[in-house]
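Peer 1: Here the sequence shown is numbered in my numbering, starting from 1 and rising by one per residue.
The set of hints was computed from the structure by calculation and includes no laboratory data. Think of the CB as a built atom: it goes at the ideal place given N, C-alpha and C, for glycine as much as any other residue. Treat the hints with care, since some could be wrong.
What the hints assert, rightly or not - Listed below are the simulated PhoX-like cross-link pairs for lysine-lysine, each with C-alpha atoms no more than 25 Å apart in a straight line:
hint, residue 1, residue 2
1, 168, 109
2, 168, 152
3, 109, 130
4, 152, 138
5, 138, 109
6, 130, 152
As the list claims (entries may be wrong) - Listed next, with one range per pair, are the computed distances between beta-carbon atoms:
hint, residue 1, residue 2, range
7, 33, 127, 24 to 32 Å
8, 85, 31, 23 to 31 Å
9, 26, 102, 47 to 55 Å
10, 21, 66, 42 to 50 Å
11, 36, 159, 47 to 55 Å
12, 62, 171, 36 to 44 Å
13, 163, 127, 15 to 23 Å
14, 46, 21, 40 to 48 Å
15, 26, 157, 18 to 26 Å
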Amino acid sequence: DVPTGSGEMRCVGITAAGETLTLLMRAIKPGHVEIVDARVTGAASPDPTREVLEPVARAFLDRYRRGAVDEVRDAAAPGFRPAVDRTQFEQLLGDLHGTLGIVRRVGWKAQEVDDRDGLPIVRMAMETDKLDLEARIKLLPFDGGWALYRFKIVVPEGSGEDRALTEKSLLRLGRRL
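Use the sequences and the hints to build the structure in full.
Peer 2: As structure tokens, then:
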């Protein structure tokens, strides 16, 4: 539902071919919008090959390694920034760095396609000063390239690090309730 009196709203969308669309919409009555303007503002993304996606994944992991919260958010696909609270994201990166250690090396592992939405997932090996991990980086076509849609750092299940991260998450959640 679109509230009345909300004025104009700007919306960014991605076509199946990866073109970026910018729409300007206006609420005309409850539950109805009028498209005021629609423009293709970004070219289609190149095919999701290793040569195209690996640099995007490496750039994300470099930002992750440096704890560059704003850089990660700025380079991510539309939807990531408003969906990921900056303070909580900064806390998450702090928890990951403190528990998993400093990233020493990253390397390509594999690429797969998410069966549910067809988006590519890049799997990168991560070596920290404490253990070996895997990063799964899901990418979205955006603005003539590819951008971070979501990521997961895979920690060995049942490990001390896994338990520590789970405990930190539960404590943070409990404090918010």
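Peer 1: Run the structure past the numbered hints and jot down the numbers of the failing ones, going up.
Peer 2: Checked against the structure, the hints that fail are numbers 1, 7, 10, 12, 14, 15, while the rest are satisfied.
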